[in-house]
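Asks: Protein chains in written order, with the numbering used here: chain A, 1 to 334; chain B, 335 to 629; chain C, 630 to 910; chain D, 911 to 1193; chain E, 1194 to 1674.
These are calculated hints, taken from the structure and not from any lab test.
Be aware that a few hints might be false.
[As the list claims (entries may be wrong)] Here are the simulated SDA-like pairs of lysine to any residue, each with C-alpha atoms no more than 25 Å apart in a straight line:
#1 K1023(D) - F177(A)
#2 K1530(E) - R1565(E)
#3 K1569(E) - G1052(D)
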Amino acid sequence: MNANVLFRRLLLAIPTLFGVALVVFVLLRLIPGDPVAMMIVGESTPEDIQQLRVQFGLDKSIPHQFLIFLQDIATGNLGTSIMLKQDVLTLVLKSVPATLELAVVAIIISLIAGFLFALAATYWRGGILESLIDSINSVALAIPEFLWALLLILAFGVMWPVLPLSGRIDPSRSFDFSTQFYLFESLATLRFSQVGELLQHLILPATALALPLLAVIARVLKSSLLEANVQDYILLARVKGFARPRVLFRHALPNALLPTITLTGVNFVFLVGGTVLVELIFAYPGIGNLLYVAAINRDLPLIQGVTIVFAFIFVIMNFAFDLLHSALNVRARH
Amino acid sequence: MNTSPLLEVRNLSLSVRGPRGTRTPILRGLSLCLESQAVHGLVGESGGGKTMVGKAILGVLPDGARIDSGSIWFDGQDLTLLRPTERRRLLGRSMSMILQNPMTALNPVMRIETQITDVLQFHMGMKKKAARARALEMLEAVRIRDPERVMKQHPHQLSGGMCQRIVIAIAFACRPKLIIADEPTTALDVTVQHQILRLIRELQEQFGTSVLFVTHDLGVVAKVCDAISVIFAGTILESGTTHDVFRLPKHRYTQALLDAVPRYDRPNRLLQPISSTLHAELFDEIVNHQGVSAA
Amino acid sequence: MMQFDVKSLRVSFPDSARKRLFKPVPMIEVLHGVSFQVARGDSIGIVGESGSGKSTLARALLRLSETSGGSICFEGQELIGLSEHELRPLRRRMQIIFQDSQSALNPRLTVGSIVAEPLISNGLVKSSAQARDKAVELLELAGLSESFSKRYAHQLSGGQRQRVGIARALALNPEVIVADEIVSGLDVSVQAQLLQLLDKLRKDRGLTLLLISHDLSVVRATCEKVIVMRGGDIVENGMTNEVFEHPHQKYTQRLLRAIPLPDVDPTWIHRVQLEESAEPA
Amino acid sequence: MKSLCLAFPLRGNARMWLGGGVLTALILVAILAPWLAPHDPVEQSLLNQLLPPAWFAGGDPNYPLGTDALGRDLLSRLLFGTRPALLVMLAGAAASALVGVALGIFAGYFGGKVDAVISRVLEVFMSFPPMLLAIVLAAVIGPGLMTVIMAVIIIGWTRFCRVIRGEVQALKEQDFIMSARAIGMRPLRVVLHEILPNVLPIMMVLFGLEMGRAIVVEAILSFIGFSSSSVATWGGIIADGRAYINQAWWVLAAPILVIIIMVLSLNAFCDGTQQAVDPVLQR
Amino acid sequence: EIGPTLTIAYNIAPPGFDPNSGSYATSPGLQSIFKTLYDPYIGQAEDLSLQPGLMDEFSWSPNRDKISMRLREGAFWHDGKPVSLDDVLWNLRRLREASSGNPLSTVFASIKNLTTQGNVVTFDVEPWRANMLERFTFLACYLIPPHYYEAVGKEGFERRPMGSGPYMFDQFERGSFLRLKVNPHYWGPKPAFDTVVFKFIVDPAGRVAEIERGASDITLDVPYEEYERLSRKTDLVGVAHPITDIALLFLNNNGIMEDANVRKAAAHAIDKKLIVERLHRGMATPIDTLLAPQYKGYDPSITTPYDPALAERLLKASGYSRDKPVEFTIQTTRGYKPKDYETVLAIVEMWRKVGIKANVEVYEIAKHFELRAQHKLAPAAFYNWGNSTADPESSLGTAMVMNSPHASWQTPDLDGRIRPLFEERDEAKRLAGYKAVNRYIAENAFVIPLFQFYQPVIYKRELTFTPHLVGHILPAKIGRA
Ligand SMILES: Nc1ncnc2c1ncn2[C@@H]1O[C@H](COP(=O)(O)OP(=O)(O)OP(=O)(O)O)[C@@H](O)[C@H]1O
Ligand SMILES: Nc1ncnc2c1ncn2[C@@H]1O[C@H](COP(=O)(O)OP(=O)(O)OP(=O)(O)O)[C@@H](O)[C@H]1O
Ligand SMILES: [Mg+2]
Ligand SMILES: [Mg+2]
Ligand code: NI
């Protein structure tokens, strides 16, 4: 990997971000109903409405509006939330860390479990365990995240009450954090009791999110492993006299890793998309919660802001996964 | 000739899973005898089961393949009766294999160094440093230039000939008693082929290894093998010293094979493919009578 | 007029490893301007070390890959610069049998439809029944019985796959066939069978044959002329007998010396000394 | 298409038959729902709320699987629910496949600028949280099955496109595509005749996954109230039933079970069919 | 045993903390939180009667055109500064300004000619409003400290709000929780708990799980079925009490509903009792006017009986029957109020039996507001009307008068009957007038009142809780048993 490749990858993000802005703009202008009607409370005169229109630039031509919109995005000005009367960017940036932490923990859970499943199913191929794991995978895929959330609440919150059901931290305790990344900050500052506390709150929503992804990871990894297993280099490893676990872990796994990593990157976006309902159910204060509130209140600037920030995160994540991919992909290195 | 052969395959039958639970025979009562410290050529029709014999000896058969009967005696023990773990202990250390396609035989994500040293560390219990030294030594033995640099590289950065040599280095690393070389020079041009043949021969002589050399190229057999077996439809039609078989082939199939070899020094000789009637006859004999009549 | 008149043909490939921002992708030249002529009915062997550009030459000759310079005249008509559309009528007159028989056959089509395909897409048959009959005929010509037409590529042995490639190439009754390494990995008997078939076609139909091979014995047995390639250049070009008897180039001499003949000779391996060639990179 | 028929002679396979059997049964149920169902699926009976299944204490044989909170017959709702389920599954997945595969082949085969543009569009669509798109859609075209289908398509086509594009790129490198050109085949014919049969098996697997996914998307949209509220859908039954999980778990359990069976048999059918018909997997 | 912290599993989260500004200022659900942080001018007892608040005396002038209020001695802001009459004047003036974002500024614009005398402030009510005094009990009229507000600005205030209420702000995690500490300077009785935590759990199942598992001490708005189950538990107590929320079907006078027969048939075909009994488990009171029994001007003699046969006859008169039903759309929220959607489904089914085919359309409440303001609601739309002053003016008045953004049925005849009542200063006459209008509305079925909601509250046995008619959960009033 050299700086050039890096830079080119970053440049490619520009048209993507432009496309995202365009789609957001078009979609939101398509919503029937006047965004201004939403902002009016009580009785108001046509003059008031006109004033609001001017204030939000809705009196200008559509291309002009788009230009202004682009300019605003470029300068980080995402407007003011109609409902919350606060700067959208600040609002969104405040909730992003919580969601990122949730997503990261969910990814970690699904990676660990997915890898275990796939490895076990490959190792004991043809046995009952394989069919069992395959069935679990299918069930994990068949049940939507929100139902997992409810079932988890029922299981670990009520029937076997061991884990907290809502929120991100215990509200009766006071923690002081200097960033919004509570978990990462506690980890960095080695406050392990807090880490435990945060993880306790994270584990249920993260698991609900992780289950469908886990199934996908297990599926892909398993098929990559099986594919690797019929390759000549695995034959050579067997010829070398290595025991099966060693062949699986040292020789097959590194080769099967690559497609799995790519796929995990792509599915990250679906995972973050899935946070909306899960955050709602677990009262987890993240971007999903914010988006839901924005959507049901038709808070146009907030929806716009959340979407754009989300797309931005996605582009960055994509970039990160690309880096990881080329770091792992020795074949492409020079 | 030695009195006790290093490897003796007796009456080996092997089948693979066919459609709807049937089994397709691949090897039909195959017997093979390999003296120690010799290069033994295995030639025959393509699809005749040469690769499968090699895999059966090493016990690395593909999914669905199964030994139905017969025994494989190696160094005084019947391999087919060993438990998988015991058998695995022999692999790499006592017997090894040079796979047909060098580009795919090396693990694409591992450095060359690891691919050579891991087998040394695993079987010889060498420390990392010692293993590295031995690996360097092996790379020099297979005439790799700048072995220090190659050790750090990945397979895709090497040419086919280099990969082939590395696979050979791995096979010889633990100085095994038996190496099965499966068409190690197909798809290489003759100059590279020559280098590799010489290498195998040299290493074989240096370490006193026996080699089962699978190939189509009777020219190669003539130059490097001490003995030869001719395989057809999963049975050995004829075995003998190279000298004898080339001079006086006993089986008509062997004769036909020799007749079909093109020679650049005899441009006007007409190539004689084996007639389909002979092929059908032979096949019928083997499959229906399970016996081989010497012609 | 020559059938093929190739003048300083160059082929380059993009070198993606050295890609730089804002600059065109650098190219790596693998054919450095080769020139040769092919007359109708010729049989030319192309030999040379691995990676010397034999397959590349074959593809470029039929305009299946892009060229970066030079000219290819086919019966007086310049091929370079023609669009894919303009090439289409010429395509059926020249055919190629690929080196990698595995990847050259569509894994999900039966052998029968692979062979029938050129007939159908060039509108040479009127009905699918006719296409089927013609395909069976072609397969038989290549030495495969009718029963093969319902099989898939992976159900064939290497030699059989190569023969399917030959049958497909013959379907359009071409004037030129380029056969890329079609005998390596086959036992000598099957080899002989295939070479005989091509030779027969050449004699019967006046086919032009370009045979690429590592095996110099095969080339000697089959071809009247030979081209020796090394590192993207033609180093020797002449009548086969001439070249084999009096090789001019050191490289050709070395090649000849390295051929193992099927005469038992345990000392050959040590006796024959080839000066170490540079490591193939 | 003759070549396709040639390419895929059907052969038996347990998974395919099992999955296919269940699916056929469901299609039959969808067609015969009015005759099979003991009640009208929307008919309420507030006097018979949350009845347990007939074989439980307090169950009513009139309502074999019990009733929901409005006293509607659960069995009838499940039976009628096969209709929107099949509609969403087939329409959503088929349209996603159509769009995704067409663009994927196009991008993969022609490469260059076409590929660059399609890849950008793909990336743009993949940068949105699917939920958000669904919500906006619901706002534009209003809640209903159409919204669900559109949401499935908008999310689904990207998966097809991405996978097929990669697959085609790999296929393009193979010599048989070059031989197709060498015999003078037209590009369209190359795509239809040489490429398509080779992406069909992977398409099949994706199609199975996508159909399962469509059902799940329907359930999610039901949960936030963007699915159809006038017809009985499985997702809708789940959304309604989750409030009574402590009183009447069967209201929730029945549709979940049906969905799981559906998704499992879909996967089994598509994987099985792929194994059975793909000549390459037969070796 | 409950510690010093009271945890409330609450159903809606506050978007911000300025109690007098923004659309959320009028959200009834948030008033519990605002009443805990801030003081309204006038207090409101559980039965909605007025009681001393920050103003310990208040009254209309004898001819009912002026209001005077006296600021209590010894009231302090959370930072310990005393509440001065100037602070009150600042707050009163701010109420009137639309620029402050007060959603009810048009109402409070009636405050004219502020004068002070000692601790008493007096002002004219111009234009006159009958329920002006009740308006001061809540909804966008809390007192905030001017010195603090001006020092930190709107943004700063939102981040760290300050009032004079029984609890003061401690920490807020958007979408998750709000923690409050007891206010040591509070003028009223000292609350039982030192700390109060509102956990915002929008999903009802989540709240049920919270209380069931003991993670929260009290919760509200639990599903009725769960209410029955939870209140049977030994460690929990349940109360379901009537609140000032009524469910109704808005009819729209811009199409099919102009046919009186259809309207009346629709009204008579609904078996409210069955709905209440079955869907609400009896936890609601059927009503036939826009007034609940606890409201002023309630007249039990106005009824719209359930009579499907009559409904069928009425429809027949307009040419509709079960085979040829009248068809229209009915809009509803789903999950916004308990059983809103189910109620509508039940109604649709009841209608179907008499020859009305209604198609259900689900929307978000924001959409309802938008459509209603544009007078574009469907012919029938489910809505829930809160009225925490219990005065007929703020329910049937604003809901039925022309040109009101809140009205769906807007006809001049009705308008002509309601408008004069707004000006009527004789209380007896005013209430009689409303009774008459109610009868007129019921006879013509301009709107279909359905039932009065109950608030199901579940709390731990260790607590004492008194239901409030507005449905408030006021932490300061919750004690230990
Ligand atoms: N995994 C397998 N499953 C089923 N049949 C197989 C398998 N591998 C090989 N065969 C069949 O077994 C027979 C012998 O195969 P083998 O690879 O040993 O031949 P070979 O003599 O090495 O041929 P070649 O010279 O082409 O390498 C062939 O007919 C082949 O089709
Ligand atoms: N698509 C490509 N992109 C980049 N380089 C290529 C490509 N195809 C071939 N080359 C390079 O061009 C050179 C010539 O390759 P070519 O396949 O023509 O060799 P060859 O003479 O046919 O060798 P062999 O005998 O091994 O088949 C090689 O160095 C190869 O790496
Ligand atoms: Mg082989
Ligand atoms: Mg080549
Ligand atoms: Ni790099």
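Asks: All hints are to be evaluated individually against the structure, with a verdict given for each.
Replies: For each hint, the structure was consulted:
1. K1023(D) - F177(A): violated (49 Å)
2. K1530(E) - R1565(E): Roughly 18 Å between the alpha carbons, so the hint for K1530(E) and R1565(E) holds.
3. K1569(E) - G1052(D): holds (15 Å)
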